[in-house]
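*Asks:* Each protein sequence line maps, in turn, to chains G and F.
With our numbering applied, the first sequence covers 134 to 487.
With our numbering applied, the second sequence covers 134 to 487.
The hints are simulated quantities; they were obtained by calculation from the structure and are not laboratory data.
Worth double-checking, as some hints may not be accurate.
Copies of the same chain look alike in the list, so a pair counts if it fits in one copy or across any two.
Taking lysine-lysine and the DSSO-like style, the derived pairs with C-alpha atoms no more than 27 Å apart in a straight line are [stated by the list, open to error]:
| no. | residue 1 | residue 2 |
| --- | --- | --- |
| 1 | 407 | 226 |
| 2 | 394 | 417 |
| 3 | 389 | 325 |
| 4 | 430 | 389 |
| 5 | 139 | 301 |
| 6 | 200 | 407 |
| 7 | 417 | 301 |
| 8 | 139 | 188 |
| 9 | 394 | 430 |
| 10 | 188 | 324 |
| 11 | 200 | 226 |
| 12 | 139 | 325 |
| 13 | 431 | 389 |
| 14 | 427 | 389 |
| 15 | 427 | 394 |
Number of protein chains: 2
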Amino acid sequence: MNRYSKETLVSVVTQLAAGMGVPVADAALFAEVLVDADVSGVSTHGVSRLNIYLKRIDLGLIDPRAKLNIDRQAGSVLVLDAGNGLGQIQARKALDLLMPMARQNGVATATIRNSQHFGALSWYANFAASQGMVLLAMTNCEPAMSPEGGYEAFFGTNPIAASFPTGKGFPVKIDLATSGVARGNIIAAQKKGQPIPPGWALDAQGNPTTDASQALLGTVLTMAGHKGYALAMMVELFSGVLSGSAIGPDVGSMYKNLDRKQDVGHFFCLFDVKAFLDYDEYLKRIDETIDRIKSSKKRPGVEEILVPGERSARKAAINNAEGVPVSPETIAEIEQWCSRLHVAFNCHEVVGQP
Amino acid sequence: MNRYSKETLVSVVTQLAAGMGVPVADAALFAEVLVDADVSGVSTHGVSRLNIYLKRIDLGLIDPRAKLNIDRQAGSVLVLDAGNGLGQIQARKALDLLMPMARQNGVATATIRNSQHFGALSWYANFAASQGMVLLAMTNCEPAMSPEGGYEAFFGTNPIAASFPTGKGFPVKIDLATSGVARGNIIAAQKKGQPIPPGWALDAQGNPTTDASQALLGTVLTMAGHKGYALAMMVELFSGVLSGSAIGPDVGSMYKNLDRKQDVGHFFCLFDVKAFLDYDEYLKRIDETIDRIKSSKKRPGVEEILVPGERSARKAAINNAEGVPVSPETIAEIEQWCSRLHVAFNCHEVVGQP
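Chain G on its own, in the form it takes in the complex:
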């Protein structure tokens, strides 16, 4: 796996999206979110997904020029329709609408229906944190997990995220799928032809499996059994039922359903820290909390206690300095699109190896 400069990746993704009809300013937003996942070490949600997004635009399954429509606005709540556009663009625009509302009312909420897989939730949460706000974010996604006791894929891996600004140079970033593992890990294993550990997934008949391909046909297991089921249900109700999007099994699969839109639903709740307490006092409180956690007594063999978000912030610092690792498979996909859309991408512009 080679490293590429962030600027090179953002530039090529922007040009490819624009080449498929996405307005250039929107394409730049899209590229920023996508490449940031790779920068932060979440390559499962980064440019490895570019191929399927472009393919779905090509098949007419995503509207590259979709507007974000306000279906309903009541007080501090926005009900939005993404118009089947790219989720990254629409979710970022939703945040731009929410921010002045949250500054005015202390809290503001949006649902977004008729959207797509929109990458890593933590991008939106971290962006809010960079503005002194806390975003609680959820999304439903294509069916992957069964309810506890079942074996039909009903829920997506329905993640929850929230990031909190700190004075430490990185936000505390909570971002977790309600599955035992994120489905992206199984996709990554399949792409590499590797088996998956036991306990991750059931096959299509409800049997445990370590075969990534079988697992992708079956269901991934919820985190902590019934607790993960309950959280997945909460995410589905906030982001699916409340938003007006498709629910559960009706959410289209990005990879499998190449004949219909996804109709994913997102849920954002944005809090302005300053509505709760003075910002300096807040920073003092969260920084002291981080310090106390990190100086906590360590279990044998543990070198350092990390707070959530610290590891990916360190990865991002390395990747920003040394270049962003992208797999050869993904580079090959990008080259094909570059060739088709006449975009220059010097894939030999390698800046390093991880």
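With chain G's structure known, arrange chain F on it following the hints.
*Replies:* Chain F in isolation, oriented as in the chain G frame:
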């Protein structure tokens, strides 16, 4: 274990709290929340806790007459100070303040500092659901879990809850501790002199234990390792750091620290369903979601797929009809308080056995 009528239990709890100086109307709120936990089958958060609440009032560690003070109100955010009063009363009053704000703005948020252990989160969430609203609720609590990689108790079992109204006669109720198991289960095992299963807890030296007493001196393990750690952190930041309450290890222990207040922090975010979509349409969507989950294919040996909240709703129906089970140990504690405070409680008024 005998069954008692709900009315008998509410009456005796109200009288005992009033006998300790809680204004009668507040005492009735307190009793309602406490007894409802037993009715719903969550006896770990019900009248089994009455003894310690009364004891703490007696020791001057809880103010029975505390007012709920508004420290700050900005738009749709309330920053509240519980005045070291009983959490059940102050949290219920906070909800009463939030509801008109949520009806007006679609969403309203409160933090509550300087509070106590306030029973089962799901009571507040279910109450909101009964009013056509969705409450997302969190609370920090006395230290019980270490950060991933540590073994000092830092976080409480930091639960998350949300209930959603349905047309099914019960709300979908999500309510989970971010520990592998709720600490109340370990307390219950200790009271019964029973061991706990492996994987629930570490002792004070960081070793795995099945001894409930050792576990109560040590730490309970987070749900799903680092994922539970991340969620516990999120709960601590929303309900502790943002609220101005004590944080992590500074939260007083209800049972162990009989020399200082708890200073627990709660976090409520209340959503008015009607701000998002028409209520009839909402009910149709959630009821269909429930129906589809319940008719999902079942794993071998599974008789029925339940949605979160269904089991406790069934228990509540049984307990309302047949009487509420209360352990002999708890009844003995109640009798002692009745004797001291000259409250009549015919503990032989048994209405049935479970």
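*Asks:* Compare the structure with each hint and give your call.
*Replies:* Do the hints match the structure? See the list:
| no. | hint | in the structure |
| --- | --- | --- |
| 1 | 407 with 226 | both (22 Å within a copy, 24 Å between copies) |
| 2 | 394 with 417 | between (46 Å within a copy, 23 Å between copies) |
| 3 | 389 with 325 | within (19 Å within a copy, 53 Å between copies) |
| 4 | 430 with 389 | between (47 Å within a copy, 21 Å between copies) |
| 5 | 139 with 301 | within (23 Å within a copy, 52 Å between copies) |
| 6 | 200 with 407 | between (31 Å within a copy, 25 Å between copies) |
| 7 | 417 with 301 | within (10 Å within a copy, 46 Å between copies) |
| 8 | 139 with 188 | within (23 Å within a copy, 61 Å between copies) |
| 9 | 394 with 430 | between (50 Å within a copy, 25 Å between copies) |
| 10 | 188 with 324 | within (18 Å within a copy, 61 Å between copies) |
| 11 | 200 with 226 | within (10 Å within a copy, 42 Å between copies) |
| 12 | 139 with 325 | within (24 Å within a copy, 60 Å between copies) |
| 13 | 431 with 389 | between (45 Å within a copy, 24 Å between copies) |
| 14 | 427 with 389 | between (43 Å within a copy, 25 Å between copies) |
| 15 | 427 with 394 | between (45 Å within a copy, 26 Å between copies) |
Consistency note: the structure conflicts with none of the earlier hints.
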